[in-house]
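Student: Each chain is listed here by its residues.
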Amino acid sequence: MKRSVSNALSLTVVTCIVLGVSLLLIAMVGSSIPSSLSSFIRGIVGSTYSIGEVLVRATPLMLAALGVSIGFRTGFINIGAEGQIYLGAIAITWLGMTFPSLPPILMIFFAILVGFLAGGVWSVIPGILKAKFGLSEIINTIMLNYIAINLVGILVRTSLKDPSYPYPMSPILPPASYFPMLLLPTRLHAGFLLALICAVLVYLLMFRSSTGFCMRAVGLNKRASMCSGISVKSHMVLSALLSGGLAGLAGVSEIAGLHHRLIEGISPSYGYLAIVVSLLGKNHPFWIILSSLGIAALQVGSMAMQRSSGVPTSIASIIMGLLVIMILARKQFFGYREV
Amino acid sequence: MAFLEMIDIDKAFFGKSANSKVNLYVDHGEIHALLGENGAGKTTLMNILYGIYQADGGSITLDGVLVQIKSPKDAINHKIGMVHQHFTLVPTLTVSENITLGLKSPGYPFVKRKQVDEEIRLLSERYNLAVDPTALVSSLSVGQQQRVEIIKVLYREAQLLILDEPTAVLTPQEVESLFDILKRLRAEGHSVIIITHHIAEVLSLTDRITVLRGGLKVGDVKTKETNEAELSQLMVGRRLNRMIRAKLPCTFDREGLSITAIQDAQESVGPISLEVPPGRIIGIAGVDGNGQKAFAELLLGIRKIKEGSLTLDGKNLEHLGVKQRRALGFGYISDDRLLDSLVLDMDMQENLLLTRYRGQECNHHHFIARKKLRELTEQAVKKYAIKSGSLEHPVRYLSGGNQQKLILARELAGNVKVVIACQPTRGLDVGSTEDVHKTLLELRSQGSSVILISSDLEEILDLSDNIAVMYRGTIVDVIEREGDVDLTYLGLLMAGSPARRNA
Numbered sequence: 001m002k003r004s005v006s007n008a009l010s011l012t013v014v015t016c017i018v019l020g021v022s023l024l025l026i027a028m029v030g031s032s033i034p035s036s037l038s039s040f041i042r043g044i045v046g047s048t049y050s051i052g053e054v055l056v057r058a059t060p061l062m063l064a065a066l067g068v069s070i071g072f073r074t075g076f077i078n079i080g081a082e083g084q085i086y087l088g089a090i091a092i093t094w095l096g097m098t099f100p101s102l103p104p105i106l107m108i109f110f111a112i113l114v115g116f117l118a119g120g121v122w123s124v125i126p127g128i129l130k131a132k133f134g135l136s137e138i139i140n141t142i143m144l145n146y147i148a149i150n151l152v153g154i155l156v157r158t159s160l161k162d163p164s165y166p167y168p169m170s171p172i173l174p175p176a177s178y179f180p181m182l183l184l185p186t187r188l189h190a191g192f193l194l195a196l197i198c199a200v201l202v203y204l205l206m207f208r209s210s211t212g213f214c215m216r217a218v219g220l221n222k223r224a225s226m227c228s229g230i231s232v233k234s235h236m237v238l239s240a241l242l243s244g245g246l247a248g249l250a251g252v253s254e255i256a257g258l259h260h261r262l263i264e265g266i267s268p269s270y271g272y273l274a275i276v277v278s279l280l281g282k283n284h285p286f287w288i289i290l291s292s293l294g295i296a297a298l299q300v301g302s303m304a305m306q307r308s309s310g311v312p313t314s315i316a317s318i319i320m321g322l323l324v325i326m327i328l329a330r331k332q333f334f335g336y337r338e339v
Numbered sequence: 001m002a003f004l005e006m007i008d009i010d011k012a013f014f015g016k017s018a019n020s021k022v023n024l025y026v027d028h029g030e031i032h033a034l035l036g037e038n039g040a041g042k043t044t045l046m047n048i049l050y051g052i053y054q055a056d057g058g059s060i061t062l063d064g065v066l067v068q069i070k071s072p073k074d075a076i077n078h079k080i081g082m083v084h085q086h087f088t089l090v091p092t093l094t095v096s097e098n099i100t101l102g103l104k105s106p107g108y109p110f111v112k113r114k115q116v117d118e119e120i121r122l123l124s125e126r127y128n129l130a131v132d133p134t135a136l137v138s139s140l141s142v143g144q145q146q147r148v149e150i151i152k153v154l155y156r157e158a159q160l161l162i163l164d165e166p167t168a169v170l171t172p173q174e175v176e177s178l179f180d181i182l183k184r185l186r187a188e189g190h191s192v193i194i195i196t197h198h199i200a201e202v203l204s205l206t207d208r209i210t211v212l213r214g215g216l217k218v219g220d221v222k223t224k225e226t227n228e229a230e231l232s233q234l235m236v237g238r239r240l241n242r243m244i245r246a247k248l249p250c251t252f253d254r255e256g257l258s259i260t261a262i263q264d265a266q267e268s269v270g271p272i273s274l275e276v277p278p279g280r281i282i283g284i285a286g287v288d289g290n291g292q293k294a295f296a297e298l299l300l301g302i303r304k305i306k307e308g309s310l311t312l313d314g315k316n317l318e319h320l321g322v323k324q325r326r327a328l329g330f331g332y333i334s335d336d337r338l339l340d341s342l343v344l345d346m347d348m349q350e351n352l353l354l355t356r357y358r359g360q361e362c363n364h365h366h367f368i369a370r371k372k373l374r375e376l377t378e379q380a381v382k383k384y385a386i387k388s389g390s391l392e393h394p395v396r397y398l399s400g401g402n403q404q405k406l407i408l409a410r411e412l413a414g415n416v417k418v419v420i421a422c423q424p425t426r427g428l429d430v431g432s433t434e435d436v437h438k439t440l441l442e443l444r445s446q447g448s449s450v451i452l453i454s455s456d457l458e459e460i461l462d463l464s465d466n467i468a469v470m471y472r473g474t475i476v477d478v479i480e481r482e483g484d485v486d487l488t489y490l491g492l493l494m495a496g497s498p499a500r501r502n503a
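Keeping their order, the protein sequence lines are chains C and P.
The first sequence maps to residues 1 to 339 in full-length UniProt numbering.
The second sequence maps to residues 1 to 503 in full-length UniProt numbering.
Misleading hints may appear alongside valid ones.
Stretch-level coverage of chain C by chain P, calculated; a stretch enters the list once three of its residues show a Cβ under 8 Å from a Cβ in chain P [to be verified]:
#1 204 to 210
#2 213 to 221
#3 229 to 239
Listed below are the simulated DMTMM-like cross-link pairs for lysine to aspartate or glutamate, each with C-alpha atoms no more than 20 Å apart in a straight line [said to hold, decoys possible]:
#4 C:K282 to P:E392
#5 C:K222 to P:D336
#6 P:K224 to P:D207
#7 P:K70 to P:E5
#8 C:K222 to P:D347
#9 P:K222 to P:D207
#10 C:K282 to P:D347
#11 P:K382 to P:D347
#12 P:K383 to P:D336
#13 P:K382 to P:E434
#14 P:K372 to P:D347
#15 C:K222 to P:D345
#16 P:K387 to P:D347
#17 P:K70 to P:D8
#18 P:K79 to P:D132
#19 P:K112 to P:E97
#20 P:K73 to P:E97
#21 C:K282 to P:D345
For the record, the hints were derived by calculation from the structure and aren't laboratory data.
Even glycine gets a Cβ: it sits at the ideal position worked out from N, Cα and C.
So here's chain P without its partners, still in its complex pose:
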């Protein structure tokens, strides 16, 4: 008998089915992947298991016992723990305070913090989760924060761990160590469900795979008995082609974007100099947290440029605000779509309007041209294949991938001259990633200057004409893409090694 059985789970939002008669079986000591594209219903299914949503129909049994999970508290009582894609930590508290948050620790209300710290230290050593319990969460890297989330779940004695897109925010090394941790957990008898759309990860890590597509279960296979081709077929329903990047002659007689020694007021980044000619994609490689975001914000004008100059086709921009820069043709894809890019309680039309409310198309003498806006939205939905019940639903109810597509539709529409793409495919499935890459290449052939900031090296290598490496707020080197790239050298640059090309 399986440890967890979810049988015939149904769930609909606003009449649109997100899960329909979905079955899921997970054994003791098993790493189980829930594979599927964005909007396939993976997260919905897990939110039902974790008690965040209530299923419209179906049943959940644990060790053969029928259970009702009405809230995350019930789930925790049934020894189910979940690590969300967006972490739920309090940055101003320490690791151990975060872990014990909401629990009555020994000595409560006068918590014996040292004893708790020691317990957490032991627990983290047992599973190879090296984290200092006394450190402030705000001082931790994303990978370390994820470990804190895992310890938090283990501290509550979870037998079944659910991880939602755990690798989306990690560097390759961090992914490796996460997988080691998960294997360790499996060895200790825990069951793990990971929600993902990375087929390669699934094959190297898991025991069994359940594939969802469009809210339906389309496959339940043993990892040993399957292969990449079969899984992608199941997941996407079609075969994918690897993109081939055509070499472009530089035929635009504009200067493009020219960045000279820019620096922000807090001096957290810079000085940075970079040339981004039209029709070129410049990849910014680097480990997360080396000032990439601040760099992007300097370019768009969200942060003020204190020193240095920024010119587009010879025109100085450093004193212009976000509004003026956007009017000149800047598009920005932020890595934090929930905070920076979307107004979650507005619908798709209004979210598209955010950057267009000034444009002639949608603005008739200060009034919004609602018919035109609706048309534009319908076009965007069609062009980017955004899945949504209705144009009037708040974008809060769209899946992550569809939200990202909406942002692309907004930021890359019209005559964009400069595109600043910050982790544009983070958390997207294979199909959407391909679409994003195609769009970026299309913009490149139309003569946009594209800055692609990504911690996904594959993506950088696939798309970039030149690769700039960022380390501690500055660009340490720019590598010309002629033929093969010296990956060892690139890796050394990213790690901050002082090695030079000929050293």
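This is chain C alone, in the form it adopts within the complex:
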């Protein structure tokens, strides 16, 4: 009772502070507050298209955050979702260009498979380095991000380049590799369903299966896990594989659902946002669905605000940073310290 009251109170205070700072920032850039707010809200729920946009944005965030959460639960701090997204994107592009005549069902199946594996491999490398040699996965996953991003830069200028265009990008992939659209004329595609299915699968794996139990135990106390006969190393590597694999799927989904070709900057920091989404979602798949929708709405709404009221989208980033700090600090500020 006491806890729930203080919980509600703290959330209210956080909301008020965030709202207050947002209004202050909007006023500072000299825009009208009512019209900014209304364009923000309309940008999110104003039309079917805008709702679709929120779901489209939430898709890669959700997939990558699910991956990040598996890592966090197992004690594998995966900061490399960004790079793993790019690897997934490279994989589906390579598949589409190499086997353009595959029928859609096989194409989609293999795209998901190679995308998952490519992202997984990118994460398993630091996973093995950590499990076997104790090297910091935090540093290594960040470094692999740089490598992955620049690898895409090289590939779209060389082997995956579209020869008919002067720009650094791949050719349009065969339609067999496209995800079905769900709600025309919006851009909502089946990747969103894929993300929801993955959330349920991650839940079953982490909270219902014995493998997930072992992974969580390893994340909370390696030594006790070892003394109980749980293999710390293999569960660590497995969690790295799944973690990167899900981020890889985010890359697949962006190409198969939206861009249909590989371009540079295909992920505007989705991999880093995924960490935020996962933290806000308490590393739990069902909360991650909510938090990815929330962050997506914030971004989509702020873009609408920029278009119609001239408020820069940077405000959204400021708000997001503030929100994360406040939510993480909430427990300490509101005294329900868990003894």
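Once you've looked at the hints, dock chain P against the given chain C.
Tutor: Positioned in the frame of chain C, the structure of chain P alone reads:
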């Protein structure tokens, strides 16, 4: 007027009362015992006094002045110091660095370490706390580390010292010298509160005793005016029977556990050879830190066996991992339950699942059978009388004794063939200790091979069929338990004396 008065202290965790209207009065220059079973609320009360928890109700006065203690820092300012059961030292720093940690020492930020060392030396000599200030903490024995903790508290000019289960980790000799130190402190005018459940210690050391049971104060007596029977009555609420160990004929036609010259890769222990037939308890006696833990880890497979062989009923085990050995019926009670045995942020059910997630009972096609797990947990809670608010609370919030009971429930369940019990009753109260001993004897009559590693000689003598003495990583002798044991000889072996039986 008493020096410290804690009046009507209330504290509840998750709606379960840990302290209810508890009163405590401590005078100047008094050694005061806080006696009670595990989960009686002793540590909670002291954590309130030391500012780690906030009381839900009640007041604390020092020398008649009402004080608010909101953090350990406040407590230190009020000249209250606490030595925790689990020490809070940094192993990679020296004794004097540990003692001055967080303080502005003379010459700060360029600390005059020699001067500080000298001060600490003087302080430790004054109270007979022999410790070298320049030694690394990692090189000290447990008893010496405890002294460092006491000096640390005295260095902060504490008038009132709280010691949580100070004797739980000490050898008999170390306990003696600790008591001398405490008496010295009393003579210098300090007040001491010791949290304990050892009645004998309480009677020999303290001036007054406050007894807690189930979060309530059930007694406040002068040591001179009480006796062992009355205290145990107050504390347990029932009379205890001393256990009588029945002699068992060896009726099991298995070979049991056979250990031949095993050694680890770092050669920190071994070579060790030992026979542990079924239906036998082999006690491993020895002063702490003579390789007992490493020996236990070799047996379970946490450490790799580099040389030698280990067989159970003729089957070679030395190349098997922890998982396979457990599957063959190994149970392990570690002496470090927080690190080795429990996942503190998981609940009781999941902690029970740690060794069972593979078993048919709880694992249906790789999914956890949650209903069955819940049933098993409820059974364990009932069988071992584990006190807990709910099965879903993290085990972090269980008291030490209840945590240990949970581990027993997990490790000794089912068909265990080999039990490796490392200090299984350390930090447990009389009632729980009795339960543990009963369980071990029960396993023995069911034909388990039990290895009991303990620094509590009483326990070894009470339970063991044979007693092996460990010294510097090897077993120096195995004493058959026929009739009375030559305690002098045993003591000499433990001390590493080269004396032989007939010498």
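Student: Let me make sure I understand: some of the numbered hints might not hold for this structure. Which ones are they, in numerical order?
Tutor: 12, 18
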